[in-house]
Amino acid sequence: MHKILLIIQREYTTRVQKKSFIILTLLMPVLMAAMMFLPGYFMSMDDEQIRTVAVYDGSSVFLGRLENSEFTKYKFIPKEEYQIAKQDIKNSSYYALLVIEPTFLITKTVQVISGSNIPWDLKSQIQDKIQGVIEKDKMAEVVRQTAIPDLEQKIAATKTHINIDTIKVGIGGEAKKSSTEIGMVLGYIFGFMIYLFIFIYGTMVMQGVMEEKQSRIVEVIISSVRPFQLMMGKIVGIAFVGLTQFALWVILGVAIFSASKSFYPGASHVQQIQNVMAQNQGAAQQAVAPQMDKVQEIFSMVDTINFPLLIGCFIFFFIGGYLLYSSMFAAVGSAIDAQEDAQQFMLPITLPIILSIMVMMSAIKNPEGPIAFWFSIIPFTSPIVMMARIPFGVPVWQLALSMVLLVATFVAMVWLTGKIYRTGILMYGKKPSWKEIGKWLMYKS
Amino acid sequence: MELFSTKEVSKTYASQQALTKVSISVEEGTIFGLLGPNGAGKTTLIRIINQITAPDSGSVWFDGRLLKTSDISQIGYLPEERGLYKKMKVGEQALYLGQLKGLSRRDAMKELKIWFEKFEITAWWDKKVMELSKGMQQKVQFICTVLHKPRLLIFDEPFSGFDPINADIVTREILQMKKDGATIIFSTHNMESVEQLCDHIALIDKSKKILDGPTKQIREKYKSNIYDISYRGEFDSDNNNISLKYNILSHQQNGNGNKLSIQYPDGSTSSELIRDLVNHVEIISFNEVIPSMNEVFIKVVKQNS
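Protein chains in written order, with our numbering: chain E, 1 to 445; chain P, 1 to 305.
One should not assume that every hint holds.
Computed cross-link-like contacts, DSS-like style, restricted to lysine-lysine with a CA-CA straight-line distance of at most 27 angstroms [what the hints assert, rightly or not]:
hint: 1; chain 1: E; residue 1: K75; chain 2: E; residue 2: K129
hint: 2; chain 1: E; residue 1: K3; chain 2: P; residue 2: K21
hint: 3; chain 1: E; residue 1: K18; chain 2: P; residue 2: K89
hint: 4; chain 1: E; residue 1: K19; chain 2: P; residue 2: K86
hint: 5; chain 1: E; residue 1: K79; chain 2: E; residue 2: K123
hint: 6; chain 1: P; residue 1: K206; chain 2: E; residue 2: K439
hint: 7; chain 1: P; residue 1: K245; chain 2: P; residue 2: K21
Just so you know, these hints were derived from the structure itself, not from any lab.
Next comes chain E alone, as it looks inside the complex (with noise of 0.2 angstroms):
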């Protein structure tokens, strides 16, 4: 016993000294920091171009009815101008040339005439603008002719959001609000989580067991423990390597979130926009209020998920499952000689975890169907997919029984390999067939 604490401590701490581990562990929250916060940053920096934009009014509906904006400019032309910017658009001093034809009325349908791309922004901003123009006119017609008082007033008070509560109701009756997405964001963080540690771990496992095999330095450590001990002291210690971690991310996590609000002001900045909205009147209001009741409502959903049975199934089933394929990757990385002839023997292993995958993106949509369940049971996939079915709630019995048989399979699992492994570490030499495998599990220790 005491043997094995040696090989785990080493195992460990030969590789959490590493740069390597280091660099990414500190890498790897800015990193998703960035995937997270990046595209919105950039989303929501200003296409600070100024730009202007040549109109050419053929129907006179909106002469002096398209508002500059902040970085756009209408200039509306004559005919006789617009017809020789349109020769050469690129070289005058134009961006682009708006073209409303006498028949836009009819047809409604207007041309943007431009050098370059024109930007998604841009484009729909025109579209806003004429759209607003028709509308308005159309209003005031309907107005007109109906002479009904605070009509467009009345209109837009028909406007109106609807909220779905989804409730959910327990084995007591007991209802409980749930959220779908809250559900399927977790569901999937967590399955995700579950096959990237089996990954990154498994790998590693292989690469421990192969790099002591091509040192050859296995027998001399055979010589003084059991293959067996060799192989779980490895395993463990990774183990033990993969939890520091995530532990490690999961504060640097905490640092980092922690630290960027109080950075950027951003609850502060919602309540401005409130405010502000607040003194508009009708549609623009109407269209935020609700956008803030669902962050309220987001709040309150995450704190009705059973966050001690989400963890504590998270560690379980990620032990369970890395345990589980950490032992077959040991197996392999007995087996051969070199990185190049491992594609083959991993084929079997990294099927069923990218099966995994593909039904946990399933799962989450349909928790209870019968792949979710199946798959969710079956042990080489229950590690993933039940992590992505725990936020939804799963019964109790299904729970323990994909535990049970997870646990009954690692252990037989672990009972196997470790038979391939003690005879394959010692084998050099051509690349064994999956027959001569075989017959390893056959031989006497």
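Given chain E, put chain P in place with the hints provided.
Structure of chain P alone, referenced to chain E:
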């Protein structure tokens, strides 16, 4: 007193017979040579001694009882294909291997200091193994093998990778350990070192033990009536009755001394050879040729095939 023995140990891998009823007995405080051509089964036997694999049948004995798992702390093994963790530091690694053999960290540290000073490698302590030359790595590995002062040492080709100076240092250390009471199983293809070091040998070929005994006795047994003679006087090896009766293997005549290597036929004796020779020349020296282990090895293995 016997420290270690195997009794009718057999081992089969798939369809290949690796060992067939091999029995050896190793006396305490001796060096036992385990010889045999490549693929004869030596490595399998060594792995059985180290409990890396178990025999299919037969038994392994240590210190008068059946070998137990805990005995590995009393065995030191230097495999032929050796290696260390390349990216680990020398000192740290030696400490780790020592602790795996059951030493406490403190004892391992104490012993390591002594050995590192003896081999003059203290400066390497914080170097990574990959920064060392092959010979340097072999030294570190040798130390890791003997660090826990095992009662039984198994050396598989211990001199490979060493230059003559370092090989000499290692030879001295092996002899010193023998003097201090250690028992050594020594497997090699270098027959000169067998003659120099081994008290007893066993030869394994095609999974079976085909020769076993004290080194001296075996060489005596395989001598073949050959004598080296130096003489004074004129002797014509072609034209007299000597060349008809005896087999002349080599003959040198020059000013300083004349030498003759000669073999008498079975049924004859050395006295008869002397009697025949003194009629022709004056004998200065007369020595029986004892075959080298190399010759014995080749002869026995060839006979067996």
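Tested hints:
As the CA atoms of K75/E and K129/E are separated by approximately 14 angstroms, the hinted pair is consistent with the 27 angstroms bound. Taking the CA atoms of K3/E and K21/P, the gap is about 33 angstroms. The hint is violated against a cut of 27 angstroms. At most 27 angstroms may separate the alpha-carbon atoms for a hinted pair to count; K18/E and K89/P meet this at roughly 13 angstroms. Taken as a hint, the K19/E and K86/P pair is honoured in the structure, with Cα atoms around 16 angstroms apart against an allowance of 27 angstroms.
This hinted pair checks out: K79/E and K123/E have alpha carbons roughly 23 angstroms apart, not beyond 27 angstroms. Distance hint between K206/P and K439/E is fulfilled; the C-alpha atoms sit about 23 angstroms from each other, no more than 27 angstroms. With a CA separation close to 44 angstroms, the supplied pair K245/P and K21/P exceeds the 27 angstroms bound.
Figure legend: structure checked against the earlier numbered hints; hints not met, in rising order: 2 and 7.
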